[in-house]
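Whenever a hint applies, use it, and build me the whole structure from the sequences.
Each chain, written out:
2 protein chains.
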Amino acid sequence: MEFSERQARIVEIVKSSSPITGEQIAAKLDLTRATLRPDLTILTMAGILDARPRVGYFLKEQKESSPIMEQLRLLRVGDFKSLPISVRENISIYDAIVTMFTQNVGTLTVVGENQNLKGMVSRKDLLKSALGKTDLQQVPVSIIMTRMPNIIMTTADEPILDAARKLTLHQIDSLPVVEAFIDEKGEERYEVIGRFTKTNVAKIFVQIGTLGKR
Amino acid sequence: MEFSERQARIVEIVKSSSPITGEQIAAKLDLTRATLRPDLTILTMAGILDARPRVGYFLKEQKESSPIMEQLRLLRVGDFKSLPISVRENISIYDAIVTMFTQNVGTLTVVGENQNLKGMVSRKDLLKSALGKTDLQQVPVSIIMTRMPNIIMTTADEPILDAARKLTLHQIDSLPVVEAFIDEKGEERYEVIGRFTKTNVAKIFVQIGTLGKR
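Going down the list, the protein sequences come from chains A and B. Start counting the first sequence at 1; every next residue gets the next number (UniProt numbering). Start counting the second sequence at 1; every next residue gets the next number (UniProt numbering).
Be aware that one or more of the hints could be misleading.
Each computed DSS-like pair below joins lysine-lysine, with the alpha-carbon atoms no more than 27 Å apart [unchecked claim]:
1) B:K124 to A:K133
2) A:K124 to A:K166
3) A:K166 to A:K133
4) A:K60 to B:K28
5) B:K60 to A:K124
6) B:K166 to A:K185
7) A:K185 to B:K128
8) A:K203 to B:K133
9) B:K203 to A:K133
10) B:K124 to A:K166
11) B:K203 to A:K60
12) B:K28 to A:K124
13) A:K128 to A:K185
14) B:K185 to A:K166
15) B:K124 to B:K203
16) B:K128 to A:K133
17) A:K166 to B:K28
18) B:K203 to A:K203
19) B:K124 to A:K203
20) A:K128 to B:K128
21) B:K60 to B:K28
22) B:K60 to A:K203
23) A:K128 to B:K133
It is worth saying that the hints were derived from the structure and are not from the lab. All values derive from a computational prediction rather than experimental measurement.
Written out as structure tokens, the structure reads:
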């Protein structure tokens, strides 16, 4: 359970003096009701608080986790991932940028034999190299890519919530979706089978949100 | 209500022969149960279908819209927006790229007097100009920015669901959050008061998802 500090204080207040109205909670925190609205909404959606009209907020009995959450955790990366767009590590930075535009993606996976993950290149990486004196046509993408083992990855069976948390926590736009395998030398490798991006998260959010409206 | 074609077919099947199990729906569509899982989960979360163990899926009575949706629609852009990072239109492309790195953002708003919105510049725009023969130090950002009236905007009171749909529909990473005003010549202008990005959407998604877990 990850509370913001303010959300934790709201839960404490409701615990000690429920039922309590939004206005009363706001007064105790020296904030306006409007400022508190998103926190109260999120705590209610997550099944932590419940609200009765004209009565106020109270802590929800914790018989089970909220149904929204149970459902959300059933959604897996493999069900929503996009196709990976991969290049080889000897491709020039220039050609990597061109590939990004022709394929309309923001991140490329750099792979070896058998789609074996070697690196990741983002628009940010490419832009940084364009800023310098680098000869974009000559320098290979391997020079600027993020390499193993510094790559944040996901797998097809990871819940999308956990993958989305990796994206926000590490401030990246895209995760490679991989399957681990052991190569002929007995070393662990990762075959790239997809990509999971902030765009995928936004689409899932919109899809869940839009279906209910009628 | 925006169904994918497959989701619409699932609803039709459930309508004509409920209760029906996931396996039976999959058989009618010539798909595996695993392939169907995300669609069934989303339709259930959105309050369109309901499922009873050992019985199967049936259409949910539509007394009201789903509680998830009602709650989601209460969340507004103004409660979750980030601070805008703005530059003037005579700044060089080079300095715009540097600003992006120092401020750690993916999109800049280009403004005139009174934070009046003139344009938007994304990493993609800057990368495209870096690919050409453009002198990044000499050419102003106004040459490559997306201009009014082609800018997709949002406002503080827009539901985040609608703003998220704009992001996915128009394939952009960031929306300027604006307030309309009338300038001294009587023309409508837009003051930039924030930015709303795919990162904001991913954070909201993670926050809602994580709070319920215990």
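Structure-based check of each hint:
1. Proximity of B:K124 to A:K133 is assessed by CA-CA distance (about 20 Å); at most 27 Å being required, the pair is judged to hold.
2. Taken as a hint, the A:K124 and A:K166 pair is honoured in the structure, with Cα atoms around 18 Å apart against an allowance of 27 Å.
3. Restraint check for A:K166 and A:K133: not satisfied, since their Cα atoms lie roughly 33 Å apart, outside the 27 Å limit.
4. Restraint check: the Cα-Cα separation between A:K60 and B:K28 comes to about 41 Å, which exceeds 27 Å; the hinted pair is violated.
5. At roughly 46 Å between alpha-carbon atoms, B:K60 and A:K124 are farther apart than 27 Å, so this suggested pair is violated.
6. About 48 Å separates the Cα atoms of B:K166 and A:K185, which puts this hinted pair outside 27 Å; it is violated.
7. The suggested pairing of A:K185 with B:K128 is violated, with an alpha-carbon distance near 41 Å, which exceeds 27 Å.
8. Distance check on the hinted pair: A:K203 and B:K133 sit about 36 Å apart at the alpha-carbon level, beyond 27 Å; violated.
9. Our distance criterion of 27 Å between C-alpha atoms is broken by B:K203 and A:K133, whose separation comes to about 36 Å.
10. Annotation: proposed proximity of B:K124 to A:K166 holds, straight-line Cα distance about 23 Å (limit 27 Å).
11. Between B:K203 and A:K60 the alpha-carbon distance is near 24 Å, which keeps this suggested pair within the 27 Å criterion.
12. Restraint check: the Cα-Cα separation between B:K28 and A:K124 comes to about 46 Å, which exceeds 27 Å; the hinted pair is violated.
13. A distance of roughly 36 Å separates the Cα atoms of A:K128 and A:K185; the hinted pair therefore is violated under the 27 Å criterion.
14. Restraint check for B:K185 and A:K166: the C-alpha separation of about 48 Å exceeds 27 Å, so the hint is violated.
15. Distance check on the hinted pair: B:K124 and B:K203 sit about 23 Å apart at the alpha-carbon level, within 27 Å; holds.
16. The straight-line distance between the Cα atoms of B:K128 and A:K133 is roughly 17 Å, inside the 27 Å bound, and the hint therefore holds.
17. A threshold of 27 Å between alpha carbons decides the hint, and for A:K166 with B:K28 the separation of about 37 Å lies outside it, so the pair is violated.
18. The hinted pair formed by B:K203 and A:K203 meets the criterion: a straight-line CA distance of about 14 Å does not exceed 27 Å.
19. Proximity of B:K124 to A:K203 is assessed by CA-CA distance (about 20 Å); at most 27 Å being required, the pair is judged to hold.
20. About 13 Å separates the Cα atoms of A:K128 and B:K128, which keeps this hinted pair within 27 Å; it holds.
21. Between B:K60 and B:K28 the alpha-carbon distance is near 21 Å, which keeps this suggested pair within the 27 Å criterion.
22. Under the criterion of a C-alpha separation no larger than 27 Å, the hint pairing B:K60 with A:K203 is consistent with the structure, at around 24 Å.
23. Between A:K128 and B:K133 the CA atoms are separated by roughly 17 Å; this keeps the pair inside 27 Å, and the hint holds.
In this structure, the hints that do not hold are numbers 3, 4, 5, 6, 7, 8, 9, 12, 13, 14 and 17, in rising order.
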